[in-house]
Amino acid sequence: MVNKTRTPLVELRDMSISFGGIKAVDHVTVDLYPGEVVGLLGHNGAGKSTLIKCLSGAYKADAGQILINGAEVDINNPRDARAQNIETIYQTLALADNLNAASNLFLGRELVGPGGFLDDSKMEAETRKIMARLNPNFRKFNVPVSALSGGQRQSVAIARAVYFNAKILIMDEPTAALGPQETQMVAELIQELKAQGLGIFLIEHDIHNVMKLCDRASVMKNGQLVGTVDVKQVTDEDILSMIILGKKPAKAA
Amino acid sequence: MSNTSHSPATQSSPESGFGRFLRATEIDPRLLGMVGALVLIWVAFETYSTIVLGRPSMLLGAAQSEANGFLTPRNVWNLSVQTAYIGIMATGMVLVIVTRNIDLSVGSIMGMVGMYMGLLQVDFLTPALGLGHPAIWAITVIFGIAMGVLIGALQGSMIAYLNIPSFIVTLGGLLVWRGAAFLVAGGKTIAPMDDTFALIGGGSFGALGRTGSWIFAAVAVVAVVWGVIKSRKARTLHGFQQRPVWAEWFMGGLICAVILGATAIVNSYIWPKGNIKKYYDQLGLAVPEGAEFGHGYAYPVLILIVVAIFMTVLMTRTRFGRYVFAIGGNPEAAALSGINTRAMTVKIFALMGGLAGIAAVIGSARQNSATNAMGNLDELYVIAAAVVGGTSLAGGVGTVYGAIIGALILTSLQTGMVLIGFGDGSYQRIVIGIALVLAVWLDIVYRKRIK
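Protein chains in written order, with this note's numbering: chain A, 1 to 253; chain B, 1001 to 1451.
The set of hints was computed from the structure by calculation and includes no laboratory data. Source: prediction; values computed, not measured. All C-beta atoms, glycine included, are put in the ideal place defined by N, C-alpha and C. Wrong hints could be hidden among the right ones.
[What the hints assert, rightly or not] So the derived label-pair ranges between C-beta atoms look like this:
(1) Lys247/A - Phe1320/B: 33 to 43 Å
(2) Asp206/A - Trp1226/B: 51 to 61 Å
(3) Ala195/A - Tyr1161/B: 40 to 50 Å
(4) Leu1162/B - Ala63/A: 47 to 57 Å
(5) Lys1278/B - Phe141/A: 37 to 47 Å
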């Protein structure tokens, strides 16, 4: 299904970053192909979120290379990442609670009319369009997002990533705060985006979601990469033991 | 109106009817509260001066020359001038507080900038250009604003790039700039200012006059009507739900009525006889019988209006304003969205400094001198005005119009206390202090209730 002979969409090569002497990410190499979902797994503090923040521009790695379509790129801030069509859905959702859905969706990339003034009507209209596709029940366009439920907030965060034609999507525990129905909605969306050829890094704790949604899984422990496995060729037990013991199962190695 | 008799629901629950009214007109209930408080304060002072002091205002039939109450054209006009410079700074303080910062230095910036403007005029511009040269006022104004911007940018840079809390940086600024203001002229007062410059401070000659004020009001009314029509068009274009037509025109009509009413009041405040004589003396004419001039809008008030419009557009219609609110709502999210939050902090404090510079222009023009004590404690009134006007110290929430109403409320309390004979400062401070705490408490209660 995923053709590995092609150039990877993203390659994080030999990445390292440390905070005050602690190596949060220690020489980790992972890659991602178009139309693929790669799960990033590991305990809290294993370094998954930190690794991914180097790609989204929130952190700058101490060492290592980021390659997009085989070419090395320099990502110094979130703006650089967005310029590479990398969109991130953070665990905290990174929404400004006092602004409405449209303002959040377009934050940092506002639509402006003549004279450089914000075109709020256009932004609301565009938000209505994308929400009609992602979450048809969404009605609360004119209230601050603090007034929305967890699932509604999540759909705003997802809409923000999807609207701007992401090629590379990073999702940090997208279903952590959601009910079963909303989790199903996110799962369907991931399948749809995958079919469109996006590459998705998925940070996920729920092993069932990993088995269901991911093509490959890269497991981290204490800042180091334990290994990357093809999800189809291992059992959930194998992956769990990688997470807990930090050892790659013999048969998949 | 006509169908109230057919709908018992409206009659049995007047509160829900009022709620519907608020929803249809999209009036912020807090705005209503602020305006209500303002009216209450005005009526209370008026009542006190009428009943206790026996000094009714014109509203109760006294002649203008004798009227000495609160709601006289003279007092309202003075109120508008005194509100102006606090209001101008309060619009900037909204941005500062919305981004979870504070600026304690604005009063001291006013003092120092005022001193340097005085020095510039008296020691440099007048000797170089000659007394009363028309460029003096313009150079002084540009210099004052630029100096405020630079000081603000310096403080903002320390907050943004050295990560020193704004409270500390501007507390330092409060002391440093006030000290510097004293040193500029060794504590002496610099006076007088250039004649044209002094007009910026208001007074009979520093006002728009009757005709000018009516033209101004007419332009404003046209702008309001145009605004209503344009906003309806924009919503129709995208097929959004419209406010009911009656609500739209009710709001438009209300704003127009306030504009026209305010114009009538400031126009009905007539020039004192001395100024009329001075005016005709300058023309070399004798004072004609029955000569009468109305003041109209004072220049400081016009400056406040221009600043308020500029700041409102900046806050609601530009990326800059959107980022201000985003940073206040969630600084981390703003940074992850690619907003340069540090550069924003520098710009916000520079803007605040520039507004303090404008306030210094008005203040020194008004007292026609530069003193190192100018603006003393004004930072507290400015912060109080923003907070009374609904700006949340937790960040993310605040409006420019709210801050101006807040400034009007505080100035009303201040001048009202003077007017009814409690002007020695102590009572003023007690009343304003209580009003500040009360306003914030009411806001907390309101926020809890809507949640």
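Evaluation of the provided hints:
Range check, Lys247/A to Phe1320/B: about 53 Å between beta-carbon atoms, so the 33 to 43 Å window is missed. Judged by the Cβ atoms, the range 51 to 61 Å given for Asp206/A and Trp1226/B holds: they are separated by roughly 56 Å. At about 46 Å, the beta-carbon gap between Ala195/A and Tyr1161/B stays in the expected band of 40 to 50 Å. A hinted range of 47 to 57 Å is violated for the C-beta pair Leu1162/B and Ala63/A, which are about 28 Å apart.
Between Lys1278/B and Phe141/A the beta carbon distance is about 60 Å. The supplied range of 37 to 47 Å is therefore violated.
Violation of the numbered hints given earlier is confined to hints 1, 4 and 5; the remaining hints are satisfied by the structure.
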